Amino acid sequence: NAGVMQNPRHLVRRRGQEARLRCSPMKGHSHVYWYRQLPEEGLKFMVYLQKENIIDESGMPKERFSAEFPKEGPSILRIQQVVRGDSAAYFCASSPRDPGAGTGELFFGEGSRLTVL
Amino acid sequence: GEDVEQSLFLSVREGDSSVINCTYTDSSSTYLYWYKQEPGAGLQLLTYIFSNMDMKQDQRLTVLLNKKDKHLSLRIADTQTGDSAIYFCAVPYSSASKIIFGSGTRLSIRP
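Protein sequences, first through last, are from chains A and B. Positions 1 to 117 (the numbering used here) are the ones given, in order, by the first sequence. Positions 1 to 111 (the numbering used here) are the ones given, in order, by the second sequence.
To be clear, the hints were calculated from the coordinates, so they are not data collected in a lab. Computed from a prediction, not measured in an experiment: that's the story for all the values here. Treat each hint with caution, since some may be false.
As the list claims (entries may be wrong) - Label pairs and their computed distance ranges (CB to CB):
hint, chain 1, residue 1, chain 2, residue 2, range
1, B, A77, A, H10, 51 to 59 Å
2, A, N53, B, T81, 24 to 32 Å
3, A, G28, B, D58, 24 to 32 Å
4, B, K56, A, Q81, 24 to 32 Å
Claimed, not checked - No farther apart than 25 Å at their CA atoms in a straight line, the calculated lysine to aspartate or glutamate pairs in the DMTMM-like style are these:
hint, chain 1, residue 1, chain 2, residue 2
5, A, K44, B, D26
6, A, K71, A, E40
7, B, K36, A, E40
Backbone N, C-alpha and C fix where the C-beta goes; we use that ideal spot for every residue, glycine too.
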């Protein structure tokens, strides 16, 4: 029973390029969350998605960042025209049920570490 | 606003108790969480407490919740080298549509 799978684990991009980070939730999980962890900082909420819907994107920067969770396939976090400040670890988490139902536990992937040169 | 605060570092001697503190500004009435992150890895749920409880004990772990002061703490008894990690407090907001994490407390163990 595979856990949350994120790829790539490490990604290097030059300023101005695009970064695409993928997240396959655990089997049976239809709720996906993206968090960003900057060096020596905590996890910052970015976006919460259910299949084909963005539920809460209050943590997403207004420009260059987008996320999707299509009916088929992984969730994608896309960063256009990357800048050095985008260098961080991006974590995906999934959950099998609505927030507030059950214990609300999130299951995390191992993260994708983006380095912008 | 949404804010969850923790101190960044804690150093304890092996065998002593570790106490990690967390304060928050608001939460929905569900569970509050402690997650553990080992080097180079994602986070794993360590323990949680329902918001109508004051205390929860689970083997070496004790969670205390003071809702009036919006204060959550995690106590690890008999701290071992394997407990070295970053510990995150996590609190649901906005009808639990998102879970806000603190900055994490890096626990280091002295021999």
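If you test the structure against every hint from before, which numbers come out violated?
Result: hints 1, 2, 4, 6 break, sorted rising.
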